[in-house]
Amino acid sequence: MSGNSKSSPLPTYFAVFFALLAGTALTVYASTLDLGKFNAAVALTIASIKATLVALFFMHIKGASEKLTKLVVVAALFFLLLLLGLTMTDYATRMWS
Amino acid sequence: MPDSTVALHHEEQRPELLHHFAEPQQQRDASSLGMWVFLATEIMFFGGLFLAYLVYRLKYFGDFGAASKTLAVGLGATNTAVLICSSLTVVLAVWAAQTARRTLLIGSLVLTIVLGLVFLGIKGIEYKDKFDEHHVPGASFSFEKVPVPGHPNQYADPHHAQLFFSLYFVMTGLHALHMIIGLGIFLWLLTMAWKGRFTPDYNTPVEIGGLYWHFVDIIWIYLFPLLYLIDRHP
Chain L
1 MSGNSKSSPL PTYFAVFFAL LAGTALTVYA STLDLGKFNA AVALTIASIK ATLVALFFMH
61 IKGASEKLTK LVVVAALFFL LLLLGLTMTD YATRMWS
Chain D
1001 MPDSTVALHH EEQRPELLHH FAEPQQQRDA SSLGMWVFLA TEIMFFGGLF LAYLVYRLKY
1061 FGDFGAASKT LAVGLGATNT AVLICSSLTV VLAVWAAQTA RRTLLIGSLV LTIVLGLVFL
1121 GIKGIEYKDK FDEHHVPGAS FSFEKVPVPG HPNQYADPHH AQLFFSLYFV MTGLHALHMI
1181 IGLGIFLWLL TMAWKGRFTP DYNTPVEIGG LYWHFVDIIW IYLFPLLYLI DRHP
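Quick mapping for you: the protein sequence lines, in order, are chains L and D. Residues in the first sequence are numbered from 1 upward in steps of one, following our numbering. Residues in the second sequence are numbered from 1001 upward in steps of one, following our numbering.
Simulated from the structure, these hints should not be mistaken for laboratory data. The reader is advised that the hints may include incorrect statements.
[Stated by the list, open to error] A partial selection of chain D residues facing chain L, derived with a Cβ cut-off under 10 Å: (1) Asp1029; (2) Leu1033; (3) Val1037; (4) Leu1039; (5) Met1044; (6) Gly1048; (7) Thr1080; (8) Trp1095; (9) Leu1226; (10) Arg1232.
Where is the CB? At the ideal position from N, CA and C, for every residue including glycine.
Turn these sequences into a full structure, and let the hints steer you where they fit.
What follows is the structure, given as structure tokens:
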């Protein structure tokens, strides 16, 4: 926990805050460009960077004293990817039948 | 006899420390871990909806693009910014509780609640517009002669567009429900903070409530581009 931190976390919080706002502006701008198939990839990459920033710095995953917490996060993401990934191996390959 | 005096003394000194925990740090870590396990179930809860969205977006690609284009990007982007601001006020509240800054704590909690209400208000305006445009799935749904992005001569299939709006309303509606629950949690935190319950030694509820709020923010960070920003380019 940050209770025992030596320096103020405020500069980090504000830096993350402005990065999140910039990311929002960037993703709106990027959506107006014709990037073909990469529009979705760019949008999801920006969203994932924003989500990671929130989780690491606002939700204090970075610097969490309990390793189990990190394990829970990784496990949740693993099962989410399993859900999405395995379902898409079905749906994405149906045109062959 | 000496044992009970020690125990009594111990409880008097740290009334917030529950007897089955050895020290405050352990109690904090247990609460935080429990919240993260709950958030893991929430990820799977929303994950099913994101999966449904992914499957149908790929299946009815153009129809989803046409339907998405009717959403108000300005309002959606404003709501994203509102939620990001509220996430900042939440971390400020946690920090204020940890460093015994009462005014900042109460101010941040009030601001968070106000920003949450602004979000729901904007969402309400968007919902009203959808009703006016007959874009709400159901008997009065109408999505006639809307061109598919990139194919000016081809119109979107209303049935498939209706599927997009079903997902839109379920996903944003479930998100809004989480916001309403979050507002309840923060009202409770505000009353506790007003009574002076939070100290640098005991502020776990603010931290845990903050985790919930940030999680709801993360869901919106994904909903915004997936619902509003697909196929915007001319």
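(request) Answer holds if the nearest beta-carbon of chain L is closer than 10 Å to that of Trp1095 of chain D; otherwise answer violated. (result) Interface hint status for Trp1095 of chain D: holds (6 Å vs cutoff 10 Å).
(request) Using 10 Å as the Cβ threshold, decide whether Asp1029 of chain D counts as touching chain L. (result) holds (4 Å)
(request) May I ask you to test the interface hint for Gly1048 of chain D with respect to chain L, counting a Cβ-Cβ separation under 10 Å as satisfied? (result) At about 7 Å, which falls below the 10 Å cut-off, the nearest Cβ of chain L leaves the hint on Gly1048 of chain D intact, so it holds.
(request) Would you check whether Thr1080 of chain D satisfies its interface hint, that is, whether its CB is within less than 10 Å of any CB in chain L? (result) holds (5 Å)
(message) For the restraint on Leu1039 of chain D, tell me whether the closest CB of chain L is nearer than 10 Å.
(response) holds (7 Å)
(message) Would the hint on Arg1232 of chain D be counted as holding, given a Cβ-Cβ threshold of 10 Å to chain L?
(response) holds (4 Å)
(request) Closer than 10 Å between Cβ atoms is the bar; does Leu1033 of chain D clear it against chain L? Give me holds or violated. (result) Holds - the Cβ of Leu1033 of chain D comes within 10 Å of chain L, reaching about 5 Å at its closest.
(message) Please check whether Leu1226 of chain D passes as an interface residue: C-beta within 10 Å of a C-beta belonging to chain L.
(response) For Leu1226 of chain D, the interface hint holds, since the closest Cβ of chain L sits about 8 Å away, which is under 10 Å.
(message) So, as I understand it, the hint says Met1044 of chain D touches chain L; can you test that by seeing if any CB pair is closer than 10 Å?
(response) Met1044 of chain D check passes; min Cβ-Cβ to chain L is 6 Å, inside 10 Å.
(message) A closest beta-carbon separation below 10 Å is what the hint needs, so does Val1037 of chain D meet it against chain L?
(response) holds (6 Å)
In summary, the structure agrees with every hint in the numbered list given earlier.
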